[in-house]
Amino acid sequence: MIIRVYPDKCTGCVACEVFCPLEQERVVNPALARIQVLKNEARNFFLPIVCPPCDDKACVAACPEPGAIVVVPETGAVKIVEALCTGCSKCIRACAIGAIRLLRQDGRGKFGKAVAIKCDQCGGTPWCVRVCAPGALEYVAETPAVNGQVVFERLRGDLQSAENIFAERGGMARQRNVR
Amino acid sequence: MSDFPYAGYAGKYLRVNLTTGNIETLALPVEWAENFLGGNGIGTKILWDEVPAHVDALDPANKLIVATGPLCGGLMPNTSRLEFVAKSPLTGIYGDANAGGHFGPQLKFAGYDLIVFEGKARAPVYLFIRDARVELRDAAHLWGKGGYETERLIQNENHDPEIKTAVIGQAGENQVRFASIMVSWSRHAARSGIGAVMGAKNLKAIAVRGTRDLRLADPVAHRDLAFRLHNEIRTNEFFAGVHRFGTAGLVSLMHPMGRFPTKNFQYGSFDGFEKISGETLRAEHLVRDLGCFDCPVNCDKSYTVTSGEFAGVTTSSVEYESLNSLGAAVLNRCLPAVLKANELCDDWGLDSISAGRAISFLFELREKGILAREECDGLDLAWGNYRTLLELLRRMTWREGNLGNWLAEGAARAAKLIGRGAERYAMHVKGQSIPAQDGRAQQSMGLAHVTSSRGADHLKAFPVIDETGYASEAVRRYGAEYLPELVDPLATRYKAMLVKDGEDFGAVVDSCGNCKSGGTFVMAEVYWEEQATAIRTMTGMALDAAQLRVIGERIYNLQRCYNALHGIARADDVLPWRFTQIPSPSGNAQGSVCRLDVMLPEYYALRGWDAELGLPTRETLARLDLAGTWDRIRTARASGAAQETHAQLGWAEPYTGPAVDAL
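Residue numbers (my numbering), protein chains in the order written: chain L, 3 to 181; chain E, 8 to 670.
Quick caveat, the hints were computed from the structure, so don't treat them as lab data. It is possible that some hints are incorrect.
As the list claims (entries may be wrong) - To give an idea of the chain L side of the interface with chain E (calculated C-beta under 8 Å), a few residues:
hint, residue
1, 14
2, 16
3, 21
4, 31
5, 44
6, 72
7, 133
Treat the numbers as computed from the prediction; the structure is a model and nothing was measured. All residues carry an ideal CB built from backbone N, CA and C; glycine is no exception.
All chains, full assembly: derive it from the sequences and hints.
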């Protein structure tokens, strides 16, 4: 299953960011959301960034810890196993759309210092999709025409063309650290 | 972590003394939360406790309270709302303004429920907040800039496009008495002139970025409730219309009712209404739909003009109110000109309601011959002249010339300055211009304008049930025995009940941080029970619907009490002559006048207010745990201090004498 993104339909309401962290973190905090909506309201620009996931899975290849990033068989979601994650950030650097970010927090990850966070599709019923009223997110089965790689490439392209939109505001909004 | 006993709150607040530059982070008093919830309620409590009646609204001793509520930033549908409370420079009495967007939640995630601004900075400053980091910064480079540019500069210099801002434009700097505050890109806390309070304090902006956790008392129960309500709103019968057109969709609905004020309230229908309707707006100018924080409705839209005289205009939040005040009120049928005017109001920071109303007031003075041609600073004050409209927006913002200075005071104060019978054409209650409703076409709205604690306003009671004949909701909320009168806009029966209940519930909603359009009044899936459950599961506060009703009453009564310190009483609960003496010439309302004489005594009785004075009795205040307030009001009235303050409020009393025109 993949999360498909329709940026043109996004209104920037961030309901996705509001509901998302509750599943894994038990708190409300959009900064911890595994989906991040990049915005520039002056340009009417909104771009939700979330792991579709893609086919290449550069994050999995980059991870030096065996079993710290796994593909969930039931859904195909790419999941970080927190107990094994050292917070080394190699997966974060490997992801071309910035769908993984580092959360530095005591007690988190293998060494109790930090953990990489990303979307795990909430076990098969992603909250972001459930609360997206404008229909900018869709949870669908992969087909040859609509697969994770296609969504990923589209997001990567949108991000590249957004560089100039964010240039004046101190660079790309995409931040690899949560705080 | 905070020691605050309730989840859902940040548990801390900021006190910023602009005179000394001192910033304190303080524990949120538990009794504030328990007795007044947050937002509007706590703001009212602070104003009552800390800003005496003799203080002028533009004096450094006035305080500005910027407050979120317990539901703000949470999962409930649209928890974006942020409340600004201060003594109003426009009315001289209790003032507040409310805005959606994204700032409120961000303040909460930074770790603060509210901010109290005191004093006045020596030179322009802005407050910067990033979690624990809170500092006042020089704003010399921002002073003189519009709202849009100010937000952009603040985001740029802090290298973070996720920073949310609340900023004033040039109107706030120049202390235009109905200046607004732009809250996170084009949403405005506009009524009551709170932007002028910021300007008087030399406070250009507040910028906030928050990344801290918000705990929930019962995350699963709260999420279940919130998600159910999100879905109920998305499947509500009115959802498609409200989502597609936003409040602009009301234009076509209000015109046939005779409830679409036209030509300074001379008419209730506008023969050019299709040209400025929500349908036309969407068909010809839509760029995309926009949403406030966690809102399924997404009623906000971005619009642009691509050709003609106003090509290049880009603006959003073009509401029903602005289409009326910058359109029908001045007989302007040119929609691109309305969009241009809306863009200017947003950027310069003007309340589009009061701005448009002041201009239509001036147009009528010219029509009636009260203003001579040579007094008009070289402008053609003819109905429908949109170039004059745009020029007057500029002159009021910079207080340029005779007209600019009059307009910047708002219609009601300008009427007093001009004299010569001008007060007959200032359509206001307690100094605040009447928005785009007409009490002749909707009786409950006329009463709501009069009893609103911040002067003429629709959003305090927000009686929408009889506006659209929302029978199913009326039955659910009040029971079938009140139909058909309750949903008949021309009937007066049960409207006092509707208005009182709306004011109490509205006070709770404005104190919690959810939205009156997103599920509490319009598409009303959230009422006392749901709101109480939401607060309980979010905060852990033991609170049921009955207790919540008392809190709503307490907040609304305290606002009335604060006004009573300023001499406000029954004599001020009046509508201008046009609404009570001239039968409506328009639409379904034809032949109707607003029957305040019937509804107001009923309202006072329901409220437990003295029928002669129109003020809460000692017993009512004791029942609401506001016992001490009665003594303060009695002392203020007995010593004559209240009456003395009233004499200095600065606006012309609404004209209620014999009818002066046919219309």
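Outcome of the hint check:
1. At a threshold of 8 Å, the smallest CB-CB gap from residue 14 of chain L to chain E is about 6 Å, leaving the interface hint in force.
2. Satisfaction of the interface hint for residue 16 of chain L is found here, the shortest Cβ-Cβ separation to chain E being roughly 6 Å, below the 8 Å cut-off.
3. Below 8 Å, beta-carbon pairs count as interface contacts, and residue 21 of chain L has one with chain E at about 6 Å; its hint therefore holds.
4. A least Cβ separation of about 5 Å between residue 31 of chain L and chain E falls short of the 8 Å threshold, and the interface hint therefore holds.
5. A distance limit of 8 Å between C-beta atoms decides the matter here; for residue 44 of chain L the minimum to chain E is near 6 Å, and the interface restraint holds.
6. Violation of the interface hint for residue 72 of chain L is found here, the shortest Cβ-Cβ separation to chain E being roughly 26 Å, above the 8 Å cut-off.
7. Given the 8 Å rule on beta carbons, the hint for residue 133 of chain L holds: about 6 Å separates it from the nearest Cβ of chain E.
In this structure, the one hint that does not hold is number 6.
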